[in-house]
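Colleague: Sequence:
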Amino acid sequence: MKYLKYLTLIIFIAFVASCSKDNDDDIIPPPEENTPSTLPQKELRGVWVTTAWGIDWPMEEYNATAQKQKYIDYLDLLVENKMNAIFFQIRGMADAFYDSQYESWSKYITGTSGVKPSYDVLGFLIEEAHKRNIQFHAWLNPYRISTRANKNSSFPQLDPKIPSELTKDYEKIRIYNPALPEVQTRITQIVKEIITKYDVDGIHMDDYFYPALEASESMNDNVEYEKYGKAQFDNIADFRRNNVNVVIQNIQKTIIETRPDVIFSISPAANMDSNYNTLFADVKKWSKEGWVDVVIPQLYFATGTEESSFNQRLNLWSQYIYENHLLVGYGVYKFGDPAYGSKFQSSEDLQKQFDFAKTKPKVKGSVLYSVKYLVENKVRIMDVIRNVYKTPVLLPYLGRTIAEKPNTPTNVRVSGSNLSWSGVQAAYYAVYKDNGINQIASLIGTTKDTTFKLNEKGTYFVTALDKKNAESDLSESVNY
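Numbering follows UniProt numbering, in which position 351 of the sequence shown is assigned residue number 351; successive positions increment by one, without gaps.
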């Protein structure tokens, strides 16, 4: 009997211990690189650049030279603050920042829709980012075509490349009709066109799927439900969610078949119920099924304990990351704006948000909305950002499978103040300073060359990284 009592007690203690674990521990972690603990932690540090209505770029500046300079100024700001990724909106209104067979040139580039600019806009944007080792994510809106003030106003003339039978009008927005199989195929083909023509590092979508309508409106899609969905779905809401699911699945499938190195990310609204029931975006399912590689919830809230706080929203989203990856979207645009309450009238809460995110092991970095607010620097938010990003970091591996390490650089040597090594095919390199046993090494810099100028005496080693940012084992160390 004593043995049975003892066994029962052990089982009960084990059960209580398992129940007390943080929710994060019950979820399958995302794929990791299994790099040695001597290397510093990796982190994506990104910013959104909005082009719809010219908000961040080009700000109604239609001179090509001035446009290029504004973009370079943004990139220089990112480099200065040790940021490493840009999420640039290249298709916000069924328009294009590139020569597309599906949609016309964006009016936000030249001031007039359909007018070809004097330079390859997307090619320039990517090239300049890559020159600075900044990852370029092409941000698209899947369905939105145009907007108007109200139902008594007119929509802009429909682009002649867009068949009118594929569109649907509501009081304030015109969209591609998500229920039509032709639309689902078209959006997928638009993604394929981009990743085939351009060396983008990622395809990114935000939180706009089915439109959030006025209270007086209905989705007006019963005809489509009768034709395409009633035989398969018991209710129209599930039919709508499936229409979006098909697009998400097919985009990732197309990426894998065409350019598997491209990262597919979504930045959903913070409210999961709204995503599911209003926008018909089943983000939990996308995450669980692995249909998106990276989820970046828009956590545009102050810290606190209430349900809508930054802390509680991040706790919730952390539970729904499976074998994909989590970044945090920060609403830096709210800081210094009296409309958003007292916590946003200084930069103190931004620091608290970053500090809390660091306690969540699944968080792989941050994306800030948006770049013009970094330039405006209200309530000195850049002081916080510089503090958080004070040391350089490598981009994390955000792949959908376990990373395959590239080969390790060999023949590492020092000549004068130059560190050199034998290269690895299709790789770039990270140079580290060894800080001693059980100490985290310092990332000195990255390069695409096989030589690096050293400025300080010490012990150094090198690693190779591939296009997906998977990192090799450490090279042998050398002294300088």
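Because the hints were derived from the structure by calculation, they are not lab data.
Just so you know, these numbers come straight off a predicted model, no measurement behind them.
Don't take every hint at face value.
[Unchecked claim] Capping the alpha-carbon separation at 25 Å, the derived lysine to any residue pairs in SDA-like fashion look like this:
no., residue 1, residue 2
1, 197, 453
2, 68, 124
3, 362, 415
4, 230, 273
5, 448, 425
6, 358, 438
7, 68, 40
8, 378, 389
9, 378, 362
10, 253, 438
11, 116, 62
12, 284, 358
13, 457, 414
14, 448, 415
15, 116, 52
16, 360, 311
17, 285, 272
18, 358, 315
19, 457, 401
20, 192, 290
21, 131, 457
22, 288, 448
23, 362, 319
24, 467, 426
25, 172, 290
26, 284, 172
27, 253, 186
28, 172, 224
29, 82, 415
30, 378, 311
31, 467, 98
32, 285, 250
33, 467, 258
34, 131, 391
35, 390, 320
36, 70, 41
37, 116, 82
38, 70, 40
Colleague: Which hint numbers doesn't this structure obey?
Modeller: 1, 3, 7, 9, 10, 19, 21, 22, 25, 26, 29, 35, 36, 37, 38
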